[in-house]
Each structure stands twice: as C-alpha cells, then as structure tokens.
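**Q** Chain by chain, the residues run as shown.
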Amino acid sequence: GAVVSQHPSWVICKSGTSVKIECRSLDFQATTMFWYRQFPKQSLMLMATSNEGSKATYEQGVEKDKFLINHASLTLSTLTVTSAHPEDSSFYICSAIQGALVNTEAFFGQGTRLTVV
Amino acid sequence: GESVGLHLPTLSVQEGDNSIINCAYSNSASDYFIWYKQESGKGPQFIIDIRSNMDKRQGQRVTVLLNKTVKHLSLQIAATQPGDSAVYFCAENTGGNAGGTSYGKLTFGQGTILTVHP
Numbered sequence: 001g002a003v004v005s006q007h008p009s010w011v012i013c014k015s016g017t018s019v020k021i022e023c024r025s026l027d028f029q030a031t032t033m034f035w036y037r038q039f040p041k042q043s044l045m046l047m048a049t050s051n052e053g054s055k056a057t058y059e060q061g062v063e064k065d066k067f068l069i070n071h072a073s074l075t076l077s078t079l080t081v082t083s084a085h086p087e088d089s090s091f092y093i094c095s096a097i098q099g100a101l102v103n104t105e106a107f108f109g110q111g112t113r114l115t116v117v
Numbered sequence: 118g119e120s121v122g123l124h125l126p127t128l129s130v131q132e133g134d135n136s137i138i139n140c141a142y143s144n145s146a147s148d149y150f151i152w153y154k155q156e157s158g159k160g161p162q163f164i165i166d167i168r169s170n171m172d173k174r175q176g177q178r179v180t181v182l183l184n185k186t187v188k189h190l191s192l193q194i195a196a197t198q199p200g201d202s203a204v205y206f207c208a209e210n211t212g213g214n215a216g217g218t219s220y221g222k223l224t225f226g227q228g229t230i231l232t233v234h235p
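As they're listed, the protein sequences go chains A and B.
For the first sequence, the working numbering assigns the number 1 to the initial residue and increments by one for each residue that follows.
For the second sequence, the working numbering assigns the number 118 to the initial residue and increments by one for each residue that follows.
With the rest of the complex left out, here is chain A:
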C-alpha cells in the first residue's frame, strides 16, 4: 500500500521556539494532505487541509499564524508550530490522498510526538 512518512517521529523543544514537522508521500503523489492533532487518550482532530500549490484551509479554532502549513510539492507538506508553548504538546499526524475522488482512502503517517518544555 501507499506509504506516508513523517519526520521527526518525536521532538522536544523549548517554549517559544518553532518546530517543523514534515509529511512525505513516498510512493505516490498526494494532491491533498491533512494535518491532525491528538491529545492523550483523545481522538484525532482535524487541524487543516493542505493542497499542493495553494493556501491551506484551517478548521475553526485553529490559528493559521501559529500552525504554518506549506505544501510546496506533491510529495511534501510541512507543519511548523511557531512560538510553541507547553499546551501545544501533542501527537501530530498527517494523512495524504492520491486523487480527488470522493471516498478516496487516506493514508496516515506514523505521527510526530511534540513535547514543549
């Protein structure tokens, strides 16, 4: 099956610094990528939808200036958490789809554990 890889798998950063997380589709071109956040013992919550070559669409309540998303190519999307604070500590997960068909299966990355100290 299609493979989506995230890097890094985990990261620890100091409060006030920025952290970049990469999401790559390794064997297919992803027209659209999605970023989710998951707090401990909770479900995945969609943060934003990232389309190659255009601005990301953010879900209500997600600060676009804090969570910068760039989708510069069909195989790479990045999420940058700017001025991170301890409350941003979470598990960040991306997914990618190959085409623009309704009901296209989404392939998930392995997630990135962010800890802000």
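I should point out that these hints are in silico values taken from the structure, not numbers from a laboratory.
One or more hints might be untrue.
[As the list claims (entries may be wrong)] Straight-line alpha carbon distances no greater than 20 Å define the calculated SDA-like cross-link-like pairs of lysine to any residue that follow:
id, chain 1, residue 1, chain 2, residue 2
1, B, Lys154, A, Gln42
2, B, Lys159, A, His7
3, B, Lys159, A, Ile12
4, B, Lys173, A, Glu105
5, B, Lys159, A, Arg24
6, B, Lys154, A, Ala2
7, B, Lys159, A, Pro40
8, A, Lys41, B, Glu156
9, B, Lys154, A, Gln110
10, B, Lys154, A, Ser9
11, A, Lys41, B, Lys154
12, A, Lys41, B, Pro126
13, B, Lys159, A, Ser5
14, B, Lys159, A, Asp88
15, B, Lys154, A, Leu46
16, B, Lys159, A, Phe39
17, A, Lys20, B, Lys159
18, B, Lys159, A, Val3
19, A, Lys41, B, Val204
We have chain A; now place chain B onto it with these hints.
**A** Frame of chain A, contents of chain B only:
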C-alpha cells in the same frame, strides 16, 4: 458541527471471543465510513471501509455493519487475538464540496480501547 461518537470507551474480551465495537454518527450526509486501528504511539491503520450504499462489508476476520436508519456503525472482529488490542476509531467522510478540498477529510469518533486477554 456534527460529529461521530462511540457508545463504549473500553472493551475487554478473552482471546478467541468475538468483539463488537459500536459507533454512532450524526451527519446524515456522510457517504463513506472507515474503521481504523491505532496502536500506542503510532498513526491510524486502515481496517475496513464501507460506502453508504451498502449495509455490510466483510474483510479478513472483520465485518462492518452500517445502519443508516439509526445512523449506527459497528465493527465486528472474529476470534479476537491479543494483537488486536488497540484503540479503534470510526471515521466519516462527507465527501467533496464545491471547492474540492474535503476529499479524504475525516471526522473521527472518540475511540474505543480494546483489550484482549490471553
């Protein structure tokens, strides 16, 4: 907004038993549903999906049932094994919109923790 929810947050079963995990959804426009398995520290793993024009779909040891009348989805795991222990999420996809940006956009349920005892 509308969301997908689960009835049972935890489920414990003995190895070899059948497991049933339930999910209620509220968006009648949802046309595609997926069950995911998530192990600790990992991303969701696709298990099985079903489209709204179906009421049952079977895979290897798993069956998904969809009841659109009561907006209910279930995942049945036959002969549950210790390796099935994980958190299981249902998710719904409402399909595309005029901007074409919601394909693959999923709303997840709260999750059910399945524990299988040897």
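**Q** With reference to the structure, classify each hint as holding or not holding.
**A** Outcome of the hint check:
no. : hint                : in the structure
1   : B:Lys154 x A:Gln42  : holds, 14 Å
2   : B:Lys159 x A:His7   : holds, 13 Å
3   : B:Lys159 x A:Ile12  : holds, 17 Å
4   : B:Lys173 x A:Glu105 : holds, 18 Å
5   : B:Lys159 x A:Arg24  : holds, 16 Å
6   : B:Lys154 x A:Ala2   : holds, 17 Å
7   : B:Lys159 x A:Pro40  : holds, 12 Å
8   : A:Lys41 x B:Glu156  : holds, 12 Å
9   : B:Lys154 x A:Gln110 : holds, 12 Å
10  : B:Lys154 x A:Ser9   : holds, 19 Å
11  : A:Lys41 x B:Lys154  : holds, 14 Å
12  : A:Lys41 x B:Pro126  : holds, 10 Å
13  : B:Lys159 x A:Ser5   : holds, 12 Å
14  : B:Lys159 x A:Asp88  : holds, 19 Å
15  : B:Lys154 x A:Leu46  : holds, 17 Å
16  : B:Lys159 x A:Phe39  : holds, 13 Å
17  : A:Lys20 x B:Lys159  : holds, 19 Å
18  : B:Lys159 x A:Val3   : holds, 14 Å
19  : A:Lys41 x B:Val204  : holds, 9 Å
When the structure is compared with the earlier hints, no violation turns up for any of them.
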